[in-house]
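In terms of the numbering used here, the sequence shown opens at residue 23 and continues consecutively.
Check the hints yourself; a few may be wrong.
[As the list claims (entries may be wrong)] Only pairs whose alpha carbons sit at most 25 Å apart, straight line, appear in this in silico PhoX-like list of lysine-lysine:
1. LYS171 - LYS264
2. LYS483 - LYS392
3. LYS196 - LYS76
4. LYS76 - LYS253
5. LYS264 - LYS281
6. LYS281 - LYS253
7. LYS196 - LYS253
8. LYS49 - LYS76
9. LYS196 - LYS259
Simulated from the structure, these hints should not be mistaken for laboratory data.
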Amino acid sequence: MPTRYDYDLLCIGSGPAGQRAAVQAAKLGRRVAMVERRLALGGSCLTTGTIPSKTFREAVLHFAALRDHPERTRFARFDYRPTAEQLLGRVEQVRRDENSVIEDQLGRNDVTVLRGRAEFVDAHRVAVTNEEGRREVSAARFLIAVGTKPAEPPGVPADGQLIVTSDDIACLQKIPRTLVVVGAGVIGIEYASMFAAVGVEVTVVDRRERPLEFLDHEITDELIHQMRRRKVTFRPKEAVEKLEVIEGRKVGVLLESGKRIVTDMVLFSVGRVGATDELQLGRAGLEPDDRGRLVVDERFQTSVPHIYAAGDVIGYPSLAATSSEQGRLAACHALGAPAHPMAPHFPIGIYAIPEISMVGEPEHVLTERKVPYEVGIARYREIARGQILGDGDGLLKLLFARDDRRLLGVHIIGTGATELLHIGQTVIGLGGGLDYFLRTVFNYPTLAECYKVAALNASNKLLQADEWPSHPADAVAELPRVTPGVLPGATY
């Protein structure tokens, strides 16, 4: 084994985990390289996943607004159906722009980018193969951040047009009139809601009783209600036995129950598997699980001490945001730099239509753990900003501990949910709770006012349950004296 390696850290994969790890290692003054098999950097997040899907969603929202609110423009047409080119037109431009940002960031930090397919030669060497040939490089430490790829559909392989996976959406040539989405996970629900918003007749098939089981059940119920209003059909507790192409034009979906659905297109989104099959991990002493994922400890270290893994390849939570932080922390530990563990309360964002976001515990989990709590709810229709945006269905839900009034969970469905959530995330992270929201003034008109309304709602319930602080007189004494008609602190 050589005493000197080509690099101190070699990152395999250029998605969020690989990017952040490489930049962090470079900031620590180490020699860093990154291997990427695609021409573009950014991994699946940029090429087929997060960025394309969210760009697609913005276009869908635009066309849906024209159809649902014709009063906003005299050019709206009730029978108008957008084309694939119109909905996907900006995807490539956004990908190019984001790729340039990533290349610039890596270049400024002197990270060497090696293009090609990587495979381990032994525990400290990797071979990189591309059209120009094969070369071997060595590294003292590795970070595996190759992400995932879609699971294969049964019966007929995905062809990118009739039977597609989430990786194919950005390359669609036409928008179907009918669509069956197999799998009611995050990806399936996001795309089902997007296609339904532009008038596609969508059916969602899933073997579970309810979609997105980890969400607060009230939020899930509201999501299902809003999607059904857009004529989405849910077929719970159903599994797909096989798919078959009919005369090259339609797809037959045969369910295990014997039912058969004929549709223009099938989106198969039943999970993803780790993209580790080409890495020859056995040569480095590693073995993935049956879904191609790697097991790591709290420091993102595999069973081989100098090899780390981060991002979707290690499984839950499989979010771009958490992957970035996992990569950074893995690089810090690998190179001996101090770092705090990842915060336990990370945000989850689901970019369906409507948008959903959560942090902390849902109601059913608190109930199972026998944690006494109180609920505060604010509905967008009660908030001026909600009326301005035309979103009367959104809601924000706060869960507070009854004993010390700490904020335990934030659950939002509606416009701007993923942005609005961060206020609650901050309060949870700092150990705050009900009293913070009661004392705080929010800008008007904003969706952030929902926090105040929800807090007042919870406070009123606690009062009715005789949960007022033990010394209410002291609490009143702390309030500033106010001269009638004069606002405290105001200048006249």
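Would the hint linking LYS196 and LYS259 be met if the CA-CA limit is 25 Å? Answer violated: LYS196 to LYS259 is near 30 Å, above 25 Å.
For the pair supplied as a hint, LYS171 and LYS264, is the alpha-carbon distance within the 25 Å limit? At roughly 20 Å apart (the allowed maximum being 25 Å), LYS264 and LYS171 satisfy the hint.
Just to be careful, I want the Cα atoms of LYS196 and LYS76 compared with a cutoff of 25 Å; is the pair within it? Distance of about 18 Å is within 25 Å: holds.
Sort out whether LYS253 lies within 25 Å of LYS281, counting only the CA atoms. holds, 20 Å
Sort out whether LYS281 lies within 25 Å of LYS264, counting only the CA atoms. It holds: about 11 Å lies between the C-alpha atoms, which stays within 25 Å.
Hinted pair LYS76 and LYS253, Cα distance within 25 Å: Roughly 22 Å between the alpha carbons, so the hint for LYS76 and LYS253 holds.
Agreement of LYS483 and LYS392 with the hint, judged by alpha carbon distance not exceeding 25 Å: holds, 19 Å
Is it true that the CA of LYS196 sits at most 25 Å from the CA of LYS253? Since the Cα atoms of LYS196 and LYS253 sit roughly 21 Å apart, the hinted pair holds (cutoff 25 Å).
Given the hinted pair LYS49 and LYS76, is their alpha-carbon gap at most 25 Å? violated, 30 Å
Checked against the numbered hints listed earlier, the structure breaks hints 8, 9; every other hint is satisfied.
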